[in-house]
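Asker: Protein chains in written order, with our numbering: chain W, 1 to 362; chain C, 1 to 98.
Hints are computed from structural coordinates only; laboratory data are not their basis.
For every residue, glycine included, the Cβ atom is placed at its ideal position computed from N, Cα and C.
You may find that some hints are simply not true.
Quick look at which bits of chain C chain W covers, simulated, 3 or more residues with Cβ under 8 Å [claimed, not checked]:
{"hint": "1", "region": "49 to 63"}
{"hint": "2", "region": "67 to 73"}
{"hint": "3", "region": "76 to 86"}
Spelled out, the chains give:
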Amino acid sequence: MAQSATFAGMLCLTFDRVLRASAFGVCSVLAALAVLSTGRLATAQDTPLISGGAAFLTSTNGGKTEYLPNIEPLLAAPLGSHLLVESRAALLEFFTPESGNQSAYKHFHFVGLSYLQGDYVASSHLTIVGGEYLTPFNTYNERLSPIWIGNFQDGPLILPLGIFSSGNGLGGQLRGNAIQRNKYSIDYTWFYSTRSANEYFPAQRGSGGRGSLYLPEQRLELGLSYDRLLQGTHENFYGAHLWWEPRDTTFRLRAEGARGHHAQGYWVEADYRTKAFGGLDSVIGRFEPLFRMQQTFRRDTVVSDGLPMVNTQRADFGLDYNLPHNARIITSYARQFSSTGNVNVWETGIVYRFLFPAWKGK
Amino acid sequence: MNSKSVVIAAVVIMWASSLAAKQYPAQADSPSKNSGVGKQSAKPQGEGERVFEQHCSRCHTSPDGFSPRISGTVSRHMRVRASLSQREEEQLLHFLNP
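Start from the sequences, fold in the hints, and give me the full structure.
Answerer: In structure tokens, the structure reads:
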């Protein structure tokens with residue numbers, strides 16, 4: 001299905017992820033966090049920070065070009081020596097052509113929280129998380145979904161599997177480092193999410209977790225994920241991921257597979273920056289060629305779970321350019337193959353990453 | 001272009017990338033303009049730099065620079081997100097703001 005891989009497909013995920021809160025509500029939460037943290041600043045190094053990304057993205061699919069100006073601010077505020085409150089919001093405007101008329105555009109805007117959680121660092125091996133959090137299934141949702149991190153504009157086709165539609169859970173999480181040795185480490189995450197029909201914090205009831213083994217000498221991470229939807233038709237989701245960054249190189253390989261009750265699939269992504277022509281900060285070294293291969297397989301068509309309704313293959317060829325001062329140009333071309341038709345998807349954008357103290361200080 | 005040729009092209013690109021990666025070793029980026037972190041030197045790799053390379057830069061590149069006033073907050077945030085131990089958090093903080 002072409003549409004699931006397009007810009008609009010990415011937006012659907014984003015729109016699901018962001019809560020339909022008003023701008024006033026988001027600003028109020030962020031302001032409250034900032035005020036809360038002012039009274040408990042422990043040291044000069046613990047000033048709350050504002051980070052995030054601002055982007056202008058475009059996508060052309062079948063001659064239809066869409067535009068997405070987007071800002072994702074993140075606030076992190078430590079309270080004392082054990083507590084951290086963090087939240088990420090999304091503010092975006094979506095311009096899309098009127099149907100059948102490329103010259104006339106309609107637009108929508110969305111403002112909302114991607115997550116709002118409190119992290120209590122209980123010990124060296126345990127952190128307790130409460131609030132609304134990103135569902136910790138596989139790696140993409142938690143690690144690569146921020147616009148200033150992801151190499152491609154849109155997420156993988158299998159992203160909806162295991163993250164309970166919205167990508168969020170509402171409840172609690174236990175996470176941390178179970179075993180830490182020189183040659184390996186094992187970390188874990190377990191979560192429980194309650195059902196919520198709240199306009200600002202919608203969530204589905206479910207539970208699950210993820211375990212990862214990391215081998216520092218090989219720079220290899222292997223992990224398994226499992227969760228179960230505990231409302232409606234109870235379903236199990238299984239996931240596996242592999243990250244490999246060969247020692248002393250700038251080559252990265254990431255891969256994930258996921259299996260749900262109705263569909264399954266995988267993606268593999270590789271990226272590289274050369275140091276052969278004057279280092280990473282040279283004109284050539286700032287280029288970052290990318291490739292992602294992904295396939296989805298439909299097990300049945302009983303329900304729509306966010307994946308294409310027919311078996312689909314897609315290859316993304318990207319070329320990012322890492323500008324100085326935390327800016328990045330991201331471009332990609334994708335060819336998607338399915339029985340409903342093959343399509344080309346062109347995507348370009350520029351992303352600026354910011355990181356600064358929440359207020360001025362000495 | 002059919003799907004088979006795309007897959008073959010992809011495999012060739014990945015193979016070539018991995019060969020190139022072996023050929024040219026990496027150098028560290030500099031996460032903080034205030035700390036001098038990540039500058040090239042003949043010193044052995046510090047523990048904080050190891051933590052940064054193994055846990056932070058696995059997901060994202062380092063920012064060009066940031067205020068030392070938020071280095072503790074950055075370390076705490078990374079402790080939660082990357083499941084760092086307390087010792088690793090302290091090493092990372094020392095690396096970001098020695």
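Asker: Hint by hint, note whether the structure agrees.
Answerer: Against the structure, the hints:
no., hint, in the structure
1, 49 to 63, "holds (count 7)"
2, 67 to 73, "holds (count 7)"
3, 76 to 86, "holds (count 9)"
The structure meets every hint from the earlier list without exception.
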